[in-house]
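Chemist: The residues making up each chain are set out below.
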Amino acid sequence: MTTTVAAPAITAKERPGDRVFSTLTVVASSLILAVLAAVAIFLVAQSMPAFVAESDDFKGDATNFWSYVGPLVFGTVWSAALAMIFAVPLAIGVALFITHFAPRRIAQGLGYVVDLLAAVPSVVFGLWGIGVLAPALQPYYANLTEWFGWFPLFAGPVSGTGRTILTVAIVLAVMVLPIITAISREVFLQTPRLHEEAALALGATRWEMIRMAVLPFGRPGVISGAMLGLGRALGETMAVAMVLSPATIISFALVQSQNPTTIAANIALNFPEAHDVGVNILIATGLILFVITLGVNSIARYIVGRRKAFSGAN
Amino acid sequence: MTMTTTKAPATAMPNALTSGKLPKYSPLWLLAGAFALSIAIFAVVDAAGGEAFNWAGMAVLAVVLFCVLIWLISRLVEGGRKATDRLVTALVSSAFAIALVPLISVTYTVIVKGVARFDLSFFTESMRNVVGAGGGALHAIVGTLLITGMATLISVPIGLLTAIYLVEYGRGRLARGVTFFVDVMTGIPSIVAGLFAFALFALLFDDPGIRFGFGGAVALSVLMIPVVVRSSEEMLKLVPNELREAALALGVPKYLTVLKVVLPTSIAGIITGVMISIARVIGETAPLLIIAGFTASMNYNLFAERMMTLPVFVYNQYASQGTDAQAYLDRAWTGALTLILIVALLNIIARLVAKFLAPKGLR
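First to last, the sequence lines map onto chains A and B.
The first sequence lines up with residues 5 to 318 when you count with our numbering.
The second sequence lines up with residues 23 to 385 when you count with our numbering.
Be aware that a few hints might be false.
[Claimed, not checked] Straight line, CA to CA, 30 Å or less: simulated DSSO-like cross-link-like pairs of lysine-lysine:
1. A:17 with B:104
2. B:43 with B:104
3. A:17 with B:282
4. B:43 with A:17
5. B:377 with B:259
[Unchecked claim] Cβ-to-Cβ under 8 Å is the rule here; a few derived chain B residues that face chain A:
6. 48
7. 52
8. 60
9. 63
10. 103
11. 117
12. 221
13. 222
14. 311
15. 355
16. 367
17. 376
18. 379
19. 380
Because the hints were derived from the structure by calculation, they are not lab data.
For glycine and all other residues, C-beta sits at the position ideal for the given N, C-alpha and C.
Next up, chain A with everything else stripped away, as it sits in the complex (with noise of 0.2 Å):
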């Protein structure tokens, strides 16, 4: 007669500690979640006056929200596209000279020191970029228009201080240079080794290695950090605030001294002597800039998710 006795279940002993700390964690992560609707409620809370505000609320001769804010975004989304065609190409040689080029021993020094252009506050940029970066580029715009007037986007008059988007587009580049290179730098350490050495001993050159091992390898990296790179490019402040010379124009041509201003800066320049729906209107305008920043990032990170679920390296 042999029945087997069902072990007793063992159960911890619960306890309060346990409770109140796990409990603690998990407040701490919904007030996160908390946070950002707040973010969002209060942002459409306090924009509501802004979009039946009459015409004369607005400044310029804008007539209604939505003819006010679209030479906002268009100037917005213009400025960061500019940084993107020069920052990109330049974090994406940085990245591969850093991962594949330079010396080994060298090369987290290299890194590091790109980083530091991270480190730089925005004001410090808007200082540099209208203190020595405006003054140094005016007489090669005065050239372009010279030269390549005939060609829409270097049409005269060319701006007499150099404040002018080109100038802004190239501080931004600078300023989202350590973002895009040190997620591309990320990727490109990512690469299969095994892949790498096949292409190198089927006697590939090194730039044949890097366009058939690397590249499409860290394609989505790249990516993803470039648009992580755009959210940043779109959001900035300081930098476009102080360089440009700012109108409510749309407009692209890239060296006059009439410029269409981002959503960003035009907060920060009118906000302090902003009073009654004047407030609600800015606020307003920040919201369209949170929506379409969190597009551009979310994208990002679906691509950077995406990836990271089926290629596993990570």
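Add chain B to chain A, keeping to what the hints say.
Modeler: For chain B alone, coordinates are given in the frame of chain A:
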């Protein structure tokens, strides 16, 4: 006899490993040559035109010359594929050099222009009743320290607990949601964080023109929390699972395992991450411009009145220059230098902490 006869053809035959290749250091010589040629051209042209020597133009011409020359020579000697490789190497290296230009230029300018007012009165006086030269940034430095300190007090507990939740407890939808939204939060533009703090407190206190330091701390926390979560999470993940299992197997409650085993093991990395996140938000201007406002006087109270901060001081000195513009510009640059020094100091401390607090035997 036989030795010499076998050796003679060996020396006559080209070495198969190096034949058809450029000598090892030829790119460097070529680069030096390109620079020499470019300097010569620009010296002659600028001297003829009576202008100052154009360093930027010279460097650009030299690099372009080098790229063309190395491609041509390599193509003649080594063939097309190798030539492309050399050209790309040249381009990628110059990309790195280009990236260094703004860094060097910013550092140089800030130091040279910043030392003008880098004196005792800058650190001991405020701007109260100062018009023109003189005055200092004490009020701004105090404000920056108070607001950033408060932001740290808010962000570190929340960020650290969230990171612990994600690594030690989090499973399922809440964890996935938190991970995603922390990433989303990293992308909030700083000015939107400022607008959020303003909207929040303007509604709470029913004051449409509200400006005070604590609001700035809240705005900075919104920017700082995701950074703290990210870096702490990475550090907690580095703690080997064997340590946790050993503690749990000895009967240690889970919360004590976390507090006494996991956290002490990763504390160096966590402090480093916090330092770097402070360094990131201490330079933020836009949110403080909106919610903390600007003033010329001292203010030690976070909960009332406007409060000046260093980045806003820099912006304000630049934006509203008085009649003696140079005095305002000097103060702006010195403020920028102070800001950069603080950020650099925080980064250095972070690295030292990482080095000296790291658990023995892990590296």
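Chemist: All the hints need checking, so say for each whether the structure fits it.
Modeler: Checked hints:
Taken as a hint, the residue 17 of chain A and residue 104 of chain B pair is broken in the structure, with Cα atoms around 70 Å apart against an allowance of 30 Å. The straight-line distance between the Cα atoms of residue 43 of chain B and residue 104 of chain B is roughly 9 Å, inside the 30 Å bound, and the hint therefore holds. Taken as a hint, the residue 17 of chain A and residue 282 of chain B pair is honoured in the structure, with Cα atoms around 19 Å apart against an allowance of 30 Å. Distance hint between residue 43 of chain B and residue 17 of chain A is unfulfilled; the C-alpha atoms sit about 74 Å from each other, more than 30 Å.
Between residue 377 of chain B and residue 259 of chain B the CA atoms are separated by roughly 19 Å; this keeps the pair inside 30 Å, and the hint holds. This hint is violated: residue 48 of chain B has a C-beta 16 Å from the nearest C-beta of chain A, more than the 8 Å allowed. Interface hint status for residue 52 of chain B: violated, as the beta-carbon distance to the closest one in chain A is roughly 17 Å, over 8 Å. Below 8 Å, beta-carbon pairs count as interface contacts, and residue 60 of chain B has none with chain A, the closest being about 18 Å; its hint is therefore violated.
Annotation: interface hint on residue 63 of chain B violated; nearest CB of chain A at approximately 18 Å, more than 8 Å. The criterion of a C-beta within 8 Å of any C-beta in chain A is met by residue 103 of chain B, whose closest approach is roughly 6 Å, and the hint holds. The beta carbon of residue 117 of chain B comes within 3 Å of a beta carbon in chain A, closer than 8 Å, and the hint placing it at the interface holds. About 4 Å separates the beta-carbon of residue 221 of chain B from the nearest beta-carbon of chain A, less than 8 Å, and the hint is met.
At about 5 Å, the closest approach between the beta carbon of residue 222 of chain B and any beta carbon in chain A falls short of 8 Å, and the interface hint on this residue holds. Contact between residue 311 of chain B and chain A, as hinted, is supported at the beta carbon level, the nearest pair being about 6 Å apart and thus within 8 Å. Interface hint at residue 355 of chain B: satisfied, since its Cβ lies 7 Å from the closest Cβ of chain A, which is below the 8 Å cut-off. Taking 8 Å as the C-beta cut-off, the interface hint given for residue 367 of chain B is violated, the closest approach to chain A being about 11 Å.
Hint status for residue 376 of chain B relative to chain A: violated, with the closest Cβ pair at about 13 Å, above 8 Å. Interface restraint check for residue 379 of chain B: the shortest CB-CB distance to chain A comes to about 20 Å, outside 8 Å, so the restraint is violated. Taking 8 Å as the C-beta contact cut-off toward chain A, the hint placing residue 380 of chain B at the interface is violated, the least distance being around 17 Å.
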